[in-house]
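Visitor: Chains as they are written, first to last, in the numbering used here: chain A, 71 to 315; chain B, 4 to 300.
All clues stand as given, with none of them false.
Listed below are the simulated DSS-like cross-link pairs for lysine-lysine, each with C-alpha atoms no more than 30 Å apart in a straight line:
| no. | chain 1 | residue 1 | chain 2 | residue 2 |
| --- | --- | --- | --- | --- |
| 1 | A | K228 | B | K138 |
| 2 | B | K79 | B | K97 |
| 3 | B | K75 | B | K118 |
| 4 | B | K79 | A | K310 |
| 5 | A | K75 | B | K138 |
| 6 | B | K75 | A | K228 |
| 7 | B | K97 | A | K75 |
| 8 | A | K310 | B | K75 |
| 9 | B | K125 | A | K75 |
Covered by chain B, per the in silico footprint, the following chain A stretches (three or more residues, Cβ under 8 Å):
| no. | stretch |
| --- | --- |
| 10 | 72-84 |
| 11 | 148-159 |
Rather than coming from a laboratory, the hints here were simulated on the basis of the structure.
These numbers were taken from a predicted model, which means no experiment stands behind them.
Every residue, glycine too, gets a C-beta built ideally from N, C-alpha and C.
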Amino acid sequence: MSRLKALTSMDLEDIARPPVYDVLVIVSGILGGLYASIMPRATAVRLAVDVSSIPLIIAIIYLAVRGAAGVASLIANGVFQLYLSYPISRRAIATILVLTRILVPSIVIVGAPMLIASIMQFNVVSRDIARFLAVFSGRIIYLYFIGIVFLLIALASKRAMLAGALSIVFFFAYIFINGILNMLYFLLGNEVFLRIAQSLSFSDTLNNYLIGLNIPYWTLIPLPVASIVLTILLYMYVEKRFEPT
Amino acid sequence: MPILEARGLVKRFGRIVAVNNLSITVSEGDIVGLIGPNGAGKTTTIRLCLGILRRDRGEVRLFGYDPFYEPKSREKVGVVFENPRFPEALTVEKMLSYTARIYGVEADRVREVLKIVGLYEKRNALIKTLSAGQKQRLALAHALIHEPLLLIADEPTSNLDPIGRSEILDLLSTLNKDYGITIFVSSHVLPELARIVNRVALISRGQIVFQGTPSEVEEALKEKIVRIRAKDVEDLAKMLSEYFDRVEVRGASILVYTDNPGEVYRIVGELMVKRNVVVYGVESLEVQLEELLRKYR
Ligand SMILES: Nc1ncnc2c1ncn2[C@@H]1O[C@H](COP(=O)(O)OP(=O)(O)OP(=O)(O)O)[C@@H](O)[C@H]1O
Ligand SMILES: [Mg+2]
Numbered sequence: 071m072s073r074l075k076a077l078t079s080m081d082l083e084d085i086a087r088p089p090v091y092d093v094l095v096i097v098s099g100i101l102g103g104l105y106a107s108i109m110p111r112a113t114a115v116r117l118a119v120d121v122s123s124i125p126l127i128i129a130i131i132y133l134a135v136r137g138a139a140g141v142a143s144l145i146a147n148g149v150f151q152l153y154l155s156y157p158i159s160r161r162a163i164a165t166i167l168v169l170t171r172i173l174v175p176s177i178v179i180v181g182a183p184m185l186i187a188s189i190m191q192f193n194v195v196s197r198d199i200a201r202f203l204a205v206f207s208g209r210i211i212y213l214y215f216i217g218i219v220f221l222l223i224a225l226a227s228k229r230a231m232l233a234g235a236l237s238i239v240f241f242f243a244y245i246f247i248n249g250i251l252n253m254l255y256f257l258l259g260n261e262v263f264l265r266i267a268q269s270l271s272f273s274d275t276l277n278n279y280l281i282g283l284n285i286p287y288w289t290l291i292p293l294p295v296a297s298i299v300l301t302i303l304l305y306m307y308v309e310k311r312f313e314p315t
Numbered sequence: 004m005p006i007l008e009a010r011g012l013v014k015r016f017g018r019i020v021a022v023n024n025l026s027i028t029v030s031e032g033d034i035v036g037l038i039g040p041n042g043a044g045k046t047t048t049i050r051l052c053l054g055i056l057r058r059d060r061g062e063v064r065l066f067g068y069d070p071f072y073e074p075k076s077r078e079k080v081g082v083v084f085e086n087p088r089f090p091e092a093l094t095v096e097k098m099l100s101y102t103a104r105i106y107g108v109e110a111d112r113v114r115e116v117l118k119i120v121g122l123y124e125k126r127n128a129l130i131k132t133l134s135a136g137q138k139q140r141l142a143l144a145h146a147l148i149h150e151p152l153l154l155i156a157d158e159p160t161s162n163l164d165p166i167g168r169s170e171i172l173d174l175l176s177t178l179n180k181d182y183g184i185t186i187f188v189s190s191h192v193l194p195e196l197a198r199i200v201n202r203v204a205l206i207s208r209g210q211i212v213f214q215g216t217p218s219e220v221e222e223a224l225k226e227k228i229v230r231i232r233a234k235d236v237e238d239l240a241k242m243l244s245e246y247f248d249r250v251e252v253r254g255a256s257i258l259v260y261t262d263n264p265g266e267v268y269r270i271v272g273e274l275m276v277k278r279n280v281v282v283y284g285v286e287s288l289e290v291q292l293e294e295l296l297r298k299y300r
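Model the full assembly from the supplied sequences, consistent with the hints where possible.
Guide: So this is what it looks like as structure tokens:
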């Protein structure tokens with residue numbers, strides 16, 4: 071266990087390398103949070119949603135650049151094979167990557183401004199901590215889904231520029247498809263399109279659900295399920311097939 | 004007792020067969036040199052033996068475990084990769100302390116290995132500021148930190164100047180003799196390794212073509228090539244191949260590999276007389292390593 075912690079910290083220190091880029095990311099995340107928390111919000115959900123929306127975008131960019139492109143350059147420059155030369159299982163290495171390249175950055179970038187906001191407007195948040203945290207969890211689950219796709223892209227493409235570019239392309243395609251589905255619903259009036267679109271934009275849908283809009287709860291199921299499936303896929307790939315060359 | 008045992012290894016990259024039915028054993032106490040030209044499959048073999056690459060066929064046992072599936076196999080193994088790279092943003096000492104924690108050894112060990120490899124003064128330098136040779140030394144320190152029983156080094160001298168090279172080779176030799184570390188080391192040149200290894204495996208096109216002690220390799224290298232220039236090389240080659248196992252036509256010459264060049268001269272003389280073969284010249288050459296490898300292809 072301690073050897074996993076050591077490699078996790080080593081990898082984290084490598085990706086969170088100071089100064090310029092990462093500090094910028096985190097500071098702008100915090101600023102985004104501050105910006106949104108200057109104006110008092112009426113409800114905890116409202117506050118949580120507003121404070122986390124800019125950091126969400128920043129986190130996605132971070133996952134593409136430091137997550138996907140970072141992992142790909144780890145492969146390209148031979149550090150990945152170093153990791154595999156340690157007495158650490160491939161499964162554990164997959165776990166480390168999920169932590170350092172997806173979960174930790176997501177939680178820090180989205181969580182920091184939300185934490186600040188919750189301190190600054192404690193009276194609002196304390197009235198509905200459960201939903202405040204639900205918004206946060208929704209953001210993280212959404213980022214996790216995007217991050218896992220990015221990570222798979224990185225492991226398969228093995229080239230930093232390509233992985234970064236493909237990740238961004240994937241994300242825009244995802245948004246685009248979402249838009250098309252909404253438009254189809256608008257044009258054709260078929261509710262299926264709307265529900266698929268809502269399933270895709272999990273985090274926003276969850277927020278609307280929390281606000282009390284009339285959304286069937288099952289639209290919140292597909293993305294977490296897809297995340298689990300992709301996670302299993304990731305582990306199978308790293309354990310059985312992946313080669314860092 | 005074999006520490007590392009590979010049998011019938013096959014590794015393809017698309018259409019390229021990088022390692023082709025290769026078997027090798029490294030026993031406790033050995034220093035085995037894996038020698039072969041560029042692209043022979045040395046690095047691929049080493050990666051297969053560490054479980055970094057997935058083998059298409061064959062078996063690998065590292066300390067009795069399968070390295071692809073069982074990380075325990077690598078607990079007592081130190082690795083120096085070809086053109087070693089480390090997380091660039093860390094300092095030398097920071098990187099090695101992480102490594103110490105990964106292997107579960109005391110932090111004191113970091114300074115100890117830095118002194119062993121002569122990198123102590125650079126301990127606070129960022130890794131990205133190190134020269135290629137210094138990175139090579141860092142790689143060695145990194146490989147030794149957990150006092151491994153087996154050291155696998157892929158061309159550990161490749162980025163060093165001549166003095167650095169012989170220092171590293173002496174160090175490998177000391178590690179083996181005084182600390183009992185088994186060593187598996189690759190190189191594309193035989194002579195510099197011949198000094199320190201006790202077994203040599205020559206690799207060519209993904210296969211081990213020759214194994215033995217350095218002196219046996221030297222013996223094999225003593226073999227002569229007789230070069231014959233003749234009017235009709237194809238004809239003469241056909242006749243000669245009735246007498247010799249290995250006859251090759253190269254342009255306007257015939258090459259005959261033999262440990263008895265006198266016999267070639269005698270038979271060529273006989274053929275000139277009996278069969279009216281026109282010969283322009285006969286000379287014998289030393290077999291170079293490259294020739295030896297070519298011979299086994
Ligand atoms: N990841 C890879 N993808 C495709 N081909 C590869 C890969 N790695 C190695 N090869 C090919 O496999 C063959 C053996 O390569 P390998 O690197 O094992 O040789 P080597 O003996 O280490 O050579 P060198 O002395 O140049 O380091 C070469 O033809 C090489 O091009
Ligand atoms: Mg090589």
